[in-house]
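Colleague: Chain by chain, the residues:
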Amino acid sequence: MSHITIAASEDAFRQLFAALRDAFSFADSNSGSFAGFTAGYSVAAHLEGGTVDLRADGTVQVKELDVKWDVLDLTLGFDIPELCIGGWCIIPNPFPWGDDCWVEFPKICVFSANPDVSVTIPLGGLITSEVSITGSLVTKYRIDPGRLAWMDDWDAQDAGVPNKWQVFLDPDTVDLDLFDIADIVGDLLMSLLTTAIEDLLPGPQWLKDAILAILGAIVDLIRDILDLPDDIGEWISDLLGVSLGLFNSIVNFVLDYFAAQNPIFEIEDPYPIEKAASVPTPPGLIPIKIPIRDFTIGVDDKEMTVTANVGP
Amino acid sequence: MALTDNCDLYGAVHEDGFNLLIRHFMRQRPSWFNFGTSRVAMNPKLWCVPIKPEKVVVKRNNPLMAVEDPLQLPLLGTNAVVALDFCVQIEKLEIDFHPGNVIALPPELAPPLAAQRFALHGRVCASIGCPSDRLVEMVEPPPPLPPPKRGDQDQGHREPPNVIMLPGDDFDCFCLDLFVVGHFEITGSPGAQRLEGKLDGLEIVDIEPGGLESAIECYLEIVTRLVFLPHLRVPLTKLVFDLLDLVTITLTPTPTSPALPNNPAVEDDQVKVFIDFGVGP
Numbered sequence: 001m002s003h004i005t006i007a008a009s010e011d012a013f014r015q016l017f018a019a020l021r022d023a024f025s026f027a028d029s030n031s032g033s034f035a036g037f038t039a040g041y042s043v044a045a046h047l048e049g050g051t052v053d054l055r056a057d058g059t060v061q062v063k064e065l066d067v068k069w070d071v072l073d074l075t076l077g078f079d080i081p082e083l084c085i086g087g088w089c090i091i092p093n094p095f096p097w098g099d100d101c102w103v104e105f106p107k108i109c110v111f112s113a114n115p116d117v118s119v120t121i122p123l124g125g126l127i128t129s130e131v132s133i134t135g136s137l138v139t140k141y142r143i144d145p146g147r148l149a150w151m152d153d154w155d156a157q158d159a160g161v162p163n164k165w166q167v168f169l170d171p172d173t174v175d176l177d178l179f180d181i182a183d184i185v186g187d188l189l190m191s192l193l194t195t196a197i198e199d200l201l202p203g204p205q206w207l208k209d210a211i212l213a214i215l216g217a218i219v220d221l222i223r224d225i226l227d228l229p230d231d232i233g234e235w236i237s238d239l240l241g242v243s244l245g246l247f248n249s250i251v252n253f254v255l256d257y258f259a260a261q262n263p264i265f266e267i268e269d270p271y272p273i274e275k276a277a278s279v280p281t282p283p284g285l286i287p288i289k290i291p292i293r294d295f296t297i298g299v300d301d302k303e304m305t306v307t308a309n310v311g312p
Numbered sequence: 001m002a003l004t005d006n007c008d009l010y011g012a013v014h015e016d017g018f019n020l021l022i023r024h025f026m027r028q029r030p031s032w033f034n035f036g037t038s039r040v041a042m043n044p045k046l047w048c049v050p051i052k053p054e055k056v057v058v059k060r061n062n063p064l065m066a067v068e069d070p071l072q073l074p075l076l077g078t079n080a081v082v083a084l085d086f087c088v089q090i091e092k093l094e095i096d097f098h099p100g101n102v103i104a105l106p107p108e109l110a111p112p113l114a115a116q117r118f119a120l121h122g123r124v125c126a127s128i129g130c131p132s133d134r135l136v137e138m139v140e141p142p143p144p145l146p147p148p149k150r151g152d153q154d155q156g157h158r159e160p161p162n163v164i165m166l167p168g169d170d171f172d173c174f175c176l177d178l179f180v181v182g183h184f185e186i187t188g189s190p191g192a193q194r195l196e197g198k199l200d201g202l203e204i205v206d207i208e209p210g211g212l213e214s215a216i217e218c219y220l221e222i223v224t225r226l227v228f229l230p231h232l233r234v235p236l237t238k239l240v241f242d243l244l245d246l247v248t249i250t251l252t253p254t255p256t257s258p259a260l261p262n263n264p265a266v267e268d269d270q271v272k273v274f275i276d277f278g279v280g281p
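Just so you know, the sequences run in chain order W and G. Residues in the first sequence are numbered from 1 upward in steps of one, following this note's numbering. Residues in the second sequence are numbered from 1 upward in steps of one, following this note's numbering.
Treat the hints with care, since some could be wrong.
Below, a list of computed lysine-lysine pairs in the DSBU-like style, where the Cα atoms sit at most 35 Å apart [claimed, not checked]:
| id | chain 1 | residue 1 | chain 2 | residue 2 |
| --- | --- | --- | --- | --- |
| 1 | G | 272 | W | 302 |
| 2 | W | 140 | G | 55 |
| 3 | W | 164 | G | 59 |
| 4 | G | 52 | G | 92 |
| 5 | G | 92 | G | 45 |
Some residues of chain W that are not near chain G, with every Cβ distance over 10 Å (derived) [stated by the list, open to error]:
| id | residue |
| --- | --- |
| 6 | 143 |
| 7 | 149 |
| 8 | 154 |
| 9 | 160 |
| 10 | 163 |
| 11 | 170 |
Hints are computed from structural coordinates only; laboratory data are not their basis. Every residue, glycine too, gets a C-beta built ideally from N, C-alpha and C.
Generate coordinates for the entire structure from the input sequences, incorporating the hints supplied.
Modeller: Below you can see the structure in the form of structure tokens.
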């Protein structure tokens, strides 16, 4: 029988999960260049809903955890091919000397910048997604690389490099599903782009109308430039998830969070016992340290159990 | 049956782990287990038993023995006390949780160990530094107490006693086996609760006559209740810690019920504690 046994019920896990979920937040940004346009995102999210389940196979499952996007700004920048009108000769020079043209129609060029148009679509609140994680709790023994050979356990503690038992959530699967983009996203994108392009055109409204008459419908123009499919929501989903890798980024964030960088629990070995009792070590005396051996974690469908032995 | 059927968290410590824990305490903090006057503390030859500390204790000049004032005994009939060197060492300390299988209890403590009880065994070795005859003869006898004056309202008042320090030459050590039976309770008001040991019985083996044994046991009961058992207190309300720097966990004892008749429970060679769990920001 182990010297020390600690068990936590599934209900305790549920309480803990709810508190961690409510306290968790995520923020990220990224951008990239694609054929004819640039795109970037800035996101901030929190979590809602979901369940945690201790399973008989020794894994812990977090299921259908909603990712609520407080900020999900998608910025699109378009480099529209330059378009020039005018510049042709109205009254040519009939003589063999002098300029070829006496009077030219003024030349007006639009879409000369790069990118010409940049719009930010506030998608926060318009996208719903959820994450599911299944993982195992594993223990590892960490010998601090900063610990020098001459150090005893007390020297290592003084130097802030004690050995540690660490507990990690080792994710077997992390799924992030983007399962709904509101239909209005397509209309919103087109409206923003139309306004931005109209603002770029020079001159009074009659001139803008003249240029637009030459260009044709802006919506068709944008569709041509972006090679947009009919379902713009699907296109945005691919852009965010595949082209920009936002969802990979979130998955990686979750993986990293629970992987090597972030043990969910760690304990010094040997463990300074006065710390457990919140009693200060008397001045000048060494802290009493208890060696911990055989630190293990097990999970079944009712509880998680931690066992350890006191070393000699 | 799951360990947490009646609680959120369950914790248990086996007696073997506890006894290893005690051994680490004795080796790393020997001054909690060895006491003597400064003269005794500085001279290992005057100790009753050798002290075996961890190397780091010596390396960092931690004390092996707690320095105490000399033992002051009154010179009866005088306003003087004689101060003697002494040494008290707890050589062995072990615990046994029900059912008893580590410590053989003396008949006075009605073995076998009762349900929900723990037993402690301590072997204490001590000595008083007895001064040489020559040294005692060199001391001028103190004058007898003056008779109380008539009408003196404060007859109990005395001048501070004269202390006669007599360094000992002869340290004859004796060792006593002390047995304690007790139980654990969760005491204190909600929010300030703690797990502590309570004394049910104490016995010193093989002291004659019986009156002397009773007197020493009375003294040791006081020391056990006031000094030793408080060291075993675990403040439950202080078991609050941060997880991932996101949430704070607070632990409180699970109330007893027909399904959970004892909390803490002393059974299966373990002390078991059942805890309810609170999570906050």
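Colleague: Taking each numbered hint in turn, which are not upheld by the structure, reported in ascending numerical order?
Modeller: Number 8 - this is the single hint that the structure violates.
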